[in-house]
Every structure is written in structure tokens, then in C-alpha cells.
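Peer 1: Listed below are the residues making up each chain.
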Amino acid sequence: MTMVYLDHAATTPMLPEALDAYVAAAREIGNPSSLHAAGRGARRLVEESRERIAAVLGARPSEVVFTSGGTESDNLATKGIHYARRDADPRRNRVVASAVEHHAVLDSVDWLGAHESADISWLPVDATGRVDPASLADLLAEHGDTISVISVQWANNEVGTVQPIAELATLATRAGIPFHTDAVQAVGQIPVDFAASGAAALTVTGHKLGGPVGVGALLLGRDVPTTPLLHGGGQERDVRSGTLDTPGVVAFAVAVEAAIKTQLENAARVSALRDGLVARVCAAVPDAIVNGDPAHRLPGNAHFSFPGCEGDALLLLLDAQGIACSTGSACSAGVAQPSHVLLAMGADDDRARSSLRFTLGHTSTSADVDALLAALPGAVERARRATAWKSPRS
Amino acid sequence: MSGGVDSAVAAARAREAGHDVTGVHLALSRNPQTFRTGARGCCTLEDSRDARRAADVIGIPFYVWDMAEQFHESVVDDFVAEYAAGRTPNPCLRCNEKIKFSAVLDRAIALGFDAVVTGHHARLGADGLLRRSVDLAKDQSYVLAVLTRAQLDRAMFPLGDSTKEQVRAEAAARGLAVADKPDSHDICFIADGDTRGFLADRLGESPGDIVDGRTGAVLGQHSGAYAYTIGQRKGLDLRVPAPDGRPRYVLSITPKTNTVTVGPREDLAVDTVTATRPIWHGADTPAECDVQLRAHGEVVQAVVALTDGELTAHLRSPARGVAAGQAIVAYRPDPAGDIVLGSATITAGAASFPEAATSPGAASPSGVSPSGASASAVGSLPAAGSSADAATSSAGAATSSAGTATSSAGAAVASAPGVAGPVR
Chain A
1321 MTMVYLDHAA TTPMLPEALD AYVAAAREIG NPSSLHAAGR GARRLVEESR ERIAAVLGAR
1381 PSEVVFTSGG TESDNLATKG IHYARRDADP RRNRVVASAV EHHAVLDSVD WLGAHESADI
1441 SWLPVDATGR VDPASLADLL AEHGDTISVI SVQWANNEVG TVQPIAELAT LATRAGIPFH
1501 TDAVQAVGQI PVDFAASGAA ALTVTGHKLG GPVGVGALLL GRDVPTTPLL HGGGQERDVR
1561 SGTLDTPGVV AFAVAVEAAI KTQLENAARV SALRDGLVAR VCAAVPDAIV NGDPAHRLPG
1621 NAHFSFPGCE GDALLLLLDA QGIACSTGSA CSAGVAQPSH VLLAMGADDD RARSSLRFTL
1681 GHTSTSADVD ALLAALPGAV ERARRATAWK SPRS
Chain B
69 MSGGVDSAVA AARAREAGHD VTGVHLALSR NPQTFRTGAR GCCTLEDSRD ARRAADVIGI
129 PFYVWDMAEQ FHESVVDDFV AEYAAGRTPN PCLRCNEKIK FSAVLDRAIA LGFDAVVTGH
189 HARLGADGLL RRSVDLAKDQ SYVLAVLTRA QLDRAMFPLG DSTKEQVRAE AAARGLAVAD
249 KPDSHDICFI ADGDTRGFLA DRLGESPGDI VDGRTGAVLG QHSGAYAYTI GQRKGLDLRV
309 PAPDGRPRYV LSITPKTNTV TVGPREDLAV DTVTATRPIW HGADTPAECD VQLRAHGEVV
369 QAVVALTDGE LTAHLRSPAR GVAAGQAIVA YRPDPAGDIV LGSATITAGA ASFPEAATSP
429 GAASPSGVSP SGASASAVGS LPAAGSSADA ATSSAGAATS SAGTATSSAG AAVASAPGVA
489 GPVR
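Chains as they are written, first to last, in this note's numbering: chain A, 1321 to 1714; chain B, 69 to 492.
In short, the hints are calculated from the structure, not lab data.
Any given hint could turn out to be false.
[Unchecked claim] In silico contact screen, one side only, chain A against chain B (beta carbon under 7 Å); selected entries: (1) L1339; (2) K1581; (3) R1671; (4) G1698.
[Said to hold, decoys possible] Quick list of simulated restraints, FRET-style, between CB atoms: (5) E137/B x T1683/A: 53 to 63 Å; (6) D1670/A x D352/B: 42 to 52 Å; (7) G1496/A x P129/B: 21 to 31 Å; (8) D145/B x E1585/A: 34 to 44 Å; (9) A194/B x A1419/A: 39 to 49 Å; (10) G261/B x A1486/A: 36 to 46 Å; (11) Q1641/A x G196/B: 28 to 38 Å; (12) T1685/A x R270/B: 51 to 61 Å.
Every residue gets a Cβ at the ideal spot worked out from N, C-alpha and C, and that includes glycine.
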């Protein structure tokens, strides 16, 4: 059974050039912090990578802080900036984030509330998952001088909605508050320019754009006060410690560069496939609901609710036919919780639990869409029957 | 798949038999941390990981199914309500009846599977008869006897022909890391094993009298009748000694008056058991058979009759510690494994003799005079059970009645699309 991979937002296959670059760099010896020739060789690879990433993302090389990936970058941005700003002025004890953040931001902010007594303001979203800049403006008018950091994702990982980042960042900057954006899903999918965005910090990770898992970066403005979370050798600007992963960094840079260089044509190709997928799913399952913003949307994202189905059941049935997709919900012990994103968008529990995400990427083909459409209607019908198990036997 | 050794080997055997098997772990708690932790449990994150790893090794897909709501309603709430009503529930039996072979089975069938496979130690062969496991110490037919014909037709128990020791050895040979995982003995949803504390948290303190079953005299106080167990001797804290100086036992619990009744050991004995909600697979009744009155309890010969949806068993020898809420399971002795004829939920026990024989296992009805139904004309026989303090004298009655050594959260579903499997 050939696999039909429709879960690129979870992780996407490595680009061949990134894999080659990884293997080549992994053959070399040298800690980039060492002073000898081998160390200098590794350092050169790291710094070249930093420059390549900076160049294509509109950042200065010194603004690229390598990390272990999206989760670490999000933790560093939210907690690190909060700590530094609060320590400089104890009145600044409020953290602001959108209600649809990835758990790496959501749970970091929650943690600051629970363990650091931070006040928290969640920015609401509309039915498509978008933050209204006016709600941030209102919040700034009310609490502007007590906010430590604001974090709003560039694009949502579940429903693919793209946020008005420039407007939000401008509001934050005007109020003198660092603005962080988790751009893990956006980089390589849509145009992302750090300097032009006005953000003070931006999260990017390798494995969502054709690089390896376990390496990413926080683009962090030079003047943004940030308390380190990982202490040690201070390798990355003294805000992040740990021996740099030279082959990972090299492959990450190759992938970022390649993804951004091909972004426009790739987005055009993938969004055409995606539009076909959405149209055909809606024709095959007429009561399917398309979630997210029709216009401000990631090119590879298609997100549906199938009324009367459980997303879990659909996933099992499609998986059994070799089709990989996602319910997009967080798991604890593998138990699906209704998606906080859909709930924030005003969906009820049933609609949230009936949702399924298909995400296309650089390896997707029309044959993948055909395979999905061949399997989906039967799976939906069967999953609907399975929902009856909830009603107890008489 | 609970994360234990039995369900892992059962899944492996089902797959090896040619079925298309999918591993399912049941999430039974809304918050997995609140259930029993450590290697003895069945519902923890660790167990979920163990089950997933076993599925990987076997080479089958694996999912967690959220059954927390159904489990809470059908098993946990029922458990508490039964104790509150003075009965002694068996939550493992209820879980089989309402969760594994109902909610899970229904969902599996709807999704296109043909059967639910579990790691229960019982035999269910091509003849469709449910029999005891070859490993009598691990036999779980008692908690499966509640299943209807339709449920059994969709069940597979691949372990019934093996002893637990063999199952462990096979798990080790298959490279399953759970081979040495300890058995779970306790109630999976009572994290610390403290059933009395669990009930007290939910039912509150409710002080009442402890009375003498023969004289009616108040002998002491209790703080909640649900904490007592039929046949219990220790922990009664009675300041008035019995006139003959012999120990006293809990004879019955009456929720209506919140009374715990105690008396001498011989008053525990009953020889007639009535039960409701019968499931009967056997031929016409009355039938000569063996009956078992609690999990891992003694087996006594009896004549069982079904009338008007009620089951009545006349025991050939008296039994002690018979508790309402427990199941009576009827077996036909068979050299190829005793066959389950049926089961029902005990509502009452009664004695038609003045004094029971002292050795219930060997007791014979001879010498029993039908005249004096003196002490235990027990109208409704309340709780016996799961207390570790239970110190009953009769052979099987001292075990934890609610406990079955099952893999409580374990199930695997098998489907055989295009494969004519041994199901049905």
C-alpha cells in the first residue's frame, strides 16, 4: 500500500539538497566553539548558515539565534522576554497572546500565569480564526503600560488562517512592547520578512519546510531584552546555550533558502491542488464545513468538519487505507481533546471533534488528492455509523 | 490493549492467526494522572505507552479510544451507587458488559471490524461455548459470563488455552517488554487501592448502628455501612463481647436503616440464592450445575431454575459471604474446561437450615433441618466484598470480590476483510 501523505503541517519530507548538506556536514569534525582549525571550520559553516537564513528572512545575521526548534523558540520568546521586561519594571506583568496559538506558546503563557503570577490576556479570534487588530488596540489602551510581551502566530497550524501580523506588530511597536510571532507554519509557505513585519521576535523551525527535525531559530532583535532559559556556554548571543548542531544548522539553512526561493511557484501549485481538494470534498460530502479563512489562508491547508463523524474515527479509517492526515488536536495519553482553535472560533464541541486536517506540501500530487477522494466518502459514511456507539444500548 | 502482557499476547496471536488487527487502548479517565500510577495499573500514561510499544513490536496500528465518559457512567458511578444501595458490585464484570463488549464493540463493528479480541483468560472455541481457562488460578470466565450470545459471537479470547506463565514466556519470546509487568489485581479507578476511602469521599460519613442479628441489640456504631463487607470479622470495633466469646461477622447491611448486622459465623451460611437479569446459554432448567458466587470464589453444586426472569439456585452445600450485586455464574463441569451455562446478578440469599456445616467446601445438605430459618432469613443480602479486612471463614469468600486480574483497559479489535477468520 503506497502512502498518501496529507500531513505536511505536522512535518514535511526533507528536501534532497538539505539532506545532502546534512550528510556532508555530519562527516566533518569540529565544535564551532573550539579555537582550532576544526572548530573554525565548523564555525564557518554555522555562520554561513546564519547569514543565508538572515538574508532570505529579512533579518540581520546577529538576529538569528539557533535553537532546537519551534517549541524552544516559542518558550524563549514568551518566557524570556517576559522575565527580562518584568525584571526591569515589575509593573510589566501582563502577557498577551491569541487564543489560537500553538501549544508551545499557549502552554508557556499559561505557565507564566500559573507559576510566575503573570496576568494573561487572550486575544479573541473571529469565526475564521483571525485576530482583529482593534481588539489589540483596545487592550493596549487599557493595559499598555503593564504588558511585557505580545505573541500572535503568523499562521495557524490547524486551520491555516493567516494573521494580520504587520498591523498587530505596528500596534505593539507603537506602544513600545516587543511583539513575537510564531511563524513555524508560515515560512516557506507565504512571504515572511522579519524586518518588514515589525516583529521583535519570530519563530521558525526546520522540519516544516524541508529541513531536519530538532533545529530552528528565534529571530530576535538586538535590542529586545531576553532572559535566557538554557544556561551554559552562552553560545548564541548569551541568550541560548548548548553546542551548536552544525549539520542540523547547515541543512536548516539550505532548506530555508530553498523553500523561500521556490515559495511563490510552490504556493501556486499547492494551493491549486488544495482548491481542487476542497471543491471535491465539498461535492462528495455536501454537508462538510470548511474551517478557516477562505482568503487569508496557508496554500497547503484544507480543514473540514464532517458533521456526525468523529475526527478520530475518520483518521483511523483513512489510515487503514494508507492516507495520513490529522485531527489537528492536542493529545494527552493519546486522548483527543476538542481543538482549542476551533472552540476559540466559536465551534461547538461536536464540530470541533468532527474535524480533520489535510495539509499538502512540496511532494503532494494530484494522485494524492484522487486517493483521498476515493476513500473519503466511504469513510465518512462509516464514521457516521460509528458515532452511534455513543448512545447507550437500550 | 491495556499495556499489560495478556492483551499484548492476545493481539499478537490474533494477528498471527491471519486477522487484520488494530490495537486499541481505552482511555478511561478524564485525567489519566488521577488513575493508578505505576506498573500495576492499567489506565495511566505509562500503560498507554507500553501498549503502543507492544503494538509497534507486533506490527499493528494503534489508537487510543476515549471511553472516559462511558466508563464513568457505566462503571464508576454504578460502583458507587451499588455500594450505596448495600450491594457489592463487580466493576470488571460491568466493564466487560458495558464498555469492552458494548461501547467498544459497537464502535468497532460500525468502523468495519468483526470482533473484539481481549487478553481475558477464558476459552471461547469454535463451538461457541465459553469455558474456564486452562489456568484455573487466572480464569476470568466469571467476569465474562455476563456476555450475551450476540456479544460472545463478536468476542475472541486467544489466551484461554494457555497458562499465565506460558503467556509471559511467549511475550518474552516475542520481544514484548511487558512480559514481566506485574499483574493488576486491584480496581483500576481507585488510584491508591483504598476502596473504603474512595467510597467515603463520594458517599460521605453516615454513622449508624451495628446490631446483633439474633437479638437485635445495638452493639456499636459505624461511620458508613458501605465500608463493611459480608463475612468481615476484623475492624468491627465492638465493645460488647459475644456471650459465647466467639468472633462475630458481618451478616448483612441494610441501607434503608443504615444498619450493619453481625452474628456468629454459622449465620453467614445460605443455601438458596436468587438472582436477577439472567443470561442463560444452557438447556432447559432446572439444571444440575456448579455455581460460583464471586470472582475466584468457591464453587458449589446446585440446582438452578429460571422462572419469570429470575434465577434461583438451591445449593447442595451452604455457601458463606454471598453478597447481593455479585454475579452467580453457573457452570457445567466438563473435562475440556467447565462450560459457562449462564449468570445473573445476586439479589438475595437465604438459609433453610438452622446451622450450617462448618466446612462449606465439604458440607452436605444432610443434617440440615428445614425447620428453623432462624438467623438468616435475609431478605436482601447486601454488600460483601472488596475490603482487604474481609476475614471470612469460607473458602473462597475472603478474596477481594471486585478484583479480577484483568487487563482492564485492554482490547484489540480484529477485522478480517477478505479473510475467513475464525470469528462467528
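Peer 1: All hints, please: hold or fail.
Peer 2: Quick rundown of the hints versus the structure:
1. L1339: At 25 Å from the nearest chain B Cβ, L1339/A fails the 7 Å test, so the hint is violated.
2. K1581: Violated - the Cβ of K1581/A stays beyond 7 Å from chain B, reaching only about 38 Å at its closest.
3. R1671: This hint is violated: R1671/A lies away from chain B, its Cβ roughly 17 Å from the closest one there, beyond 7 Å.
4. G1698: Cβ of G1698/A sits 9 Å from chain B, so the hint is violated.
5. E137/B x T1683/A: 53 to 63 Å: violated (39 Å)
6. D1670/A x D352/B: 42 to 52 Å: holds (49 Å)
7. G1496/A x P129/B: 21 to 31 Å: violated (53 Å)
8. D145/B x E1585/A: 34 to 44 Å: violated (59 Å)
9. A194/B x A1419/A: 39 to 49 Å: At roughly 57 Å between Cβ atoms, A1419/A and A194/B fall outside 39 to 49 Å, so the hint is violated.
10. G261/B x A1486/A: 36 to 46 Å: violated (59 Å)
11. Q1641/A x G196/B: 28 to 38 Å: holds (33 Å)
12. T1685/A x R270/B: 51 to 61 Å: Because 57 Å falls inside the window, the suggested range holds.
Hints 1, 2, 3, 4, 5, 7, 8, 9, 10 from the earlier list are contradicted by this structure; the remaining hints agree with it.
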